[in-house]
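If you read the protein sequences in the order shown, they are chains A and B.
The opening residue of the first sequence carries number 1 in our numbering; numbering runs sequentially from there.
The opening residue of the second sequence carries number 1 in our numbering; numbering runs sequentially from there.
One or more hints might be untrue.
[Unchecked claim] Reference excerpt, derived from the structure (chain B facing chain A, CB under 8 Å, subset only):
1. K35
2. K37
3. G38
4. T39
5. R40
6. L42
7. I69
8. D71
9. N88
10. A90
11. I91
12. S100
13. V198
14. E230
[To be verified] With beta-carbon atoms standing in for the labels, derived distance ranges:
15. B:D71 with A:P362: 51 to 59 Å
16. A:G275 with B:I91: 17 to 25 Å
17. B:K211 with A:K505: 57 to 65 Å
18. A:G275 with B:F87: 25 to 33 Å
[Stated by the list, open to error] With a cut-off of at most 30 Å between alpha-carbon atoms, the simulated DSBU-like pairs for lysine-lysine come out as follows:
19. B:K35 with A:K456
20. A:K348 with B:K127
21. A:K249 with B:K227
22. B:K119 with A:K348
23. A:K348 with B:K147
24. A:K132 with A:K109
These are computed hints drawn from the structure, not numbers from a lab.
Model, not experiment: these values are computed from the prediction.
All residues carry an ideal CB built from backbone N, CA and C; glycine is no exception.
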Amino acid sequence: MNMKNWILIFFLLAILCLDVNAQSKTGLGIYTDRDVYVSGETLLAKIYTPESNPSKIVYMDLVNQYGTRISGVPLETKNHQASGYLQLPDSLSSGIYQLRGYQKNTAEKVKIVREIWISNRFDGFEKNNPMKKLIGSESEPDSLTHQIKIDNLNPEYVAGTVIDADIQIEESILDKIDGNLLVAVAQTEPSFAPATFKVESSGTMEGLNEVKGMILSGTVTDKTSLQPIENSIVYLTIPDSVPGFQYYKTRTDGRFYFLINQYHVQVQAVIQCFGSTATQRLKIKLDELYAEPGTKPKYTKQAIPEALKANITRNIDVVTLQKIFSQEKLKVISAPAKKQETVPYYGKPTQTVDPQLFIDLPDFAEISRELLPGVKFRNYNNEPSIRVMNSSMQNFFEDPPLVLIDGIPIQNMNIIKSMGSSEIDRVDICQSERYYGDLRFPGVVAIYTSKADYSKIPESDQLIHIKLEVVQPPVILADPPASEPNIPDLRQVLYWNPSEIAQNKLSVKCIASSISGRYKLSVRARLKNGTIIYSEKQFEVK
Amino acid sequence: MINKIFYTILFLLAFSLAARLSAQENMNRNWDSEKIKGTRQLPYPLYHGFPYLTKNWMPGEIEFNSGEIVDSLNFRYSSYKDELVYFNQAINTQITIDKSDIKGFSFVDENGSHHIFRKFFYNDFMKGYHYFEVLSEGESDLLVYRKVNLNTVSPYKDERGVLTNMEYVPEYRYYFYTPEKGFTGVKPNQMGLVSKFVKTDQKLIRKLLRKNKISITDESGLVKAWKAIEKEGYKVVF
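Produce the complete structure using the sequences and hints provided.
Set out below in structure tokens:
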């Protein structure tokens, strides 16, 4: 064996070792503003994602004791860090919950879980005594550092006074910090120490990297033969006044994918496909939108400490009062401005008709005959058909047009035949041969219903309605309420900045609220080697 | 023996790499790319002259309002209809891309010249959005509207022997443009260009052109002259 071969082996082994090393430092972490909540409150969180993962979407889920996902939200990462909030449902029963963070492409392999306590606002904690604590393999523990110092923080503050603390970061560690700091001043309960751990498994298949946005995927199969269908066109519609639309031609394995990246509020989506013949029946199976619960977590029973009981009782009152005084915790920063579509995907309509401006007509055949120029809808032998005029050629297209109800394509004209004027808000007509990607539409008839609830289109194996949680817009902590003698300041989180820029000296200024108790100023950072460091100091508000 | 070990290691490394690559779900290329919206382009009548800017379909780059940039298409600009037409190979159709979706496009023509077109709103006799070619960018941009008109001419027999009296005639129009002040037309000759400046500057500009030996007889002369004038800091009067 010559020298060249030895050098080659050496380099290959070095690359392999580097890769293994890179994978061992995940730098995954999930942190919340507090550890103890009351149902109906808003939870704030920051998630660190691994440097090695190119996905820019991280999911934060609330999971109950039985491993069931209660709610969740996708967050957009910047520099492998994301922050957001979760509205805790009012109906949650008291007990331990898991806050789960993961990226969909590696969800099968690794998730980070943080334990939190949530008390129901109405039944308190009585039913959960003793409480169940999570048992899990502890993650790489965060390192308490002395290189981040918190100064000028008094041990006690009076409600309504200004807290003005300094944070000093040593030069030696400043260069090693990766991204932004998480700085928070919030109520704390030392008697409740939440567990945080990584759930790792030996999953092999990696999902798609969600680099540009969330990805919705699934498979189309033949309902009879159960075989995947190739080249079947799957449509995704987001019904709206200007509907969102995408399509995907399935691969040989029947798979399809949609990128969801233009929405910042929860949206309803419709996914559908049509058989190539009238008799062919297809079935769409969507992939799980969220990570599987995995193995059921293990718990151990512990008595609820008296201090925690007192904290819960006080917080239930605080949250009730917050609701009474309508004190909001967060202020939404306007979502990143994205160019909104003004022209629908089927193009600028040649004509738009509002049937309600005319005499009431009983069905669509009458409407098309009397009001819709260049639209021929016939119902001979109870077999409805529709054609649109090609304005440039002055004849009717031979093929049926694209017919939409509230933006959703339909092929069964029986759905529209009974629609009268009162049910229709407007009809857009395109009298030209339209193209969208590789799709050809010989004219378009887009019907927008008065109810706009697309209830006319039933769900089936070929048509699925889903509610999509989309990437959350950025939020900041709301300002303290204006100081008025009869209105208490009910904030439990006095300061929350998940994107504090790391520098030698930082100042944290906030006002102590009317809620007495123990509070904590904490500073957290991730180092470039993946280690998460923190420094914290407690004080009391009286 | 050593060779056996070497090849075994190589095999294991190759296997590990293949496993890592296959662990990631494969995707079609450009699966999430812009889906182009448009209408079928009907063929233009065959007259003398040429309705397009280029003879051939040119590869280029289209920038959409959504921010998406598509650089894998062959297209050509129809000067006659002020439309961008692309050929969809998958469905074998010429499609006029919706103007409302496009921000601009660029391509290199058969002669190697780089053309950059931007969509502007022209608020005058031809009110609406039009594609203008950007000849020079600066404080004031020099633009050209590459219009081809269908004019009536003396009757002639076309390629098929049909008697006709129409002809495609290029009638390009040049403009200075700033986002604040809008458009002002400029004729592609010395007098036309010089008249776009204040009276006190006109003599100096003529002198500058003489000194640089720039004569404005065509588009390239206009661009060259404007660049020389702009360099000296003279401002266009809108």
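Consistency of the hints with the structure:
Look at K35 (chain B): its Cβ gets to within about 4 Å of chain A, closer than 8 Å, so that hint holds up. For K37 (chain B), the interface hint holds, the least distance from its beta-carbon to any beta-carbon of chain A being 5 Å, beneath 8 Å. The closest approach between the C-beta of G38 (chain B) and any C-beta of chain A is roughly 5 Å, which is under the 8 Å cut-off, so the hint is satisfied. With its C-beta approaching chain A no nearer than about 5 Å, T39 (chain B) sits inside the 8 Å limit, and its interface hint holds.
Satisfaction of the interface hint for R40 (chain B) is found here, the shortest Cβ-Cβ separation to chain A being roughly 4 Å, below the 8 Å cut-off. Hint on L42 (chain B) holds. Least Cβ distance to chain A is approximately 6 Å, under the 8 Å limit. The beta carbon of I69 (chain B) comes no nearer than 13 Å to any beta carbon in chain A, farther than 8 Å, and the hint placing it at the interface is violated. The restraint placing D71 (chain B) at the interface with chain A is violated, with a minimum CB-CB distance near 16 Å, outside the 8 Å limit.
With a least beta-carbon distance of about 7 Å to chain A, the hint placing N88 (chain B) at the interface is held under the 8 Å criterion. With a cut of 8 Å, the hint placing A90 (chain B) at the interface with chain A holds, because the nearest CB-to-CB distance is about 5 Å. Taking 8 Å as the C-beta cut-off, the interface hint given for I91 (chain B) holds, the closest approach to chain A being about 5 Å. This hint holds: S100 (chain B) has a C-beta 5 Å from the nearest C-beta of chain A, less than the 8 Å allowed.
At its closest, the beta carbon of V198 (chain B) sits 39 Å from a beta carbon of chain A; the interface hint therefore is violated under the 8 Å criterion. About 32 Å separates the beta-carbon of E230 (chain B) from the nearest beta-carbon of chain A, more than 8 Å, and the hint is not met. At about 53 Å, the CB distance of D71 (chain B) to P362 (chain A) agrees with the hint of 51 to 59 Å. Between G275 (chain A) and I91 (chain B) the C-beta distance comes to about 21 Å, which sits within the given range of 17 to 25 Å.
Range check, K211 (chain B) to K505 (chain A): about 59 Å between beta-carbon atoms, so the 57 to 65 Å window is met. A hinted range of 25 to 33 Å holds for the C-beta pair G275 (chain A) and F87 (chain B), which are about 30 Å apart. With a C-alpha separation of about 28 Å, the suggested pair K35 (chain B) and K456 (chain A) falls inside the 30 Å cut-off, and the hint holds. For the given pair, K348 (chain A) sits about 18 Å from K127 (chain B) by alpha-carbon distance, which is consistent with the 30 Å threshold.
Distance restraint check for K249 (chain A) and K227 (chain B): the Cα-Cα separation of roughly 50 Å exceeds the 30 Å cut-off, and the hinted pair is therefore not satisfied. Between K119 (chain B) and K348 (chain A) the CA atoms are separated by roughly 18 Å; this keeps the pair inside 30 Å, and the hint holds. Restraint check for K348 (chain A) and K147 (chain B): the C-alpha separation of about 24 Å stays at or below 30 Å, so the hint holds. Note on K132 (chain A) and K109 (chain A): the hinted pairing holds, with a Cα-Cα distance of about 26 Å set against a maximum of 30 Å.
When each numbered hint is compared with the structure, violations occur for hints 7, 8, 13, 14, 21.
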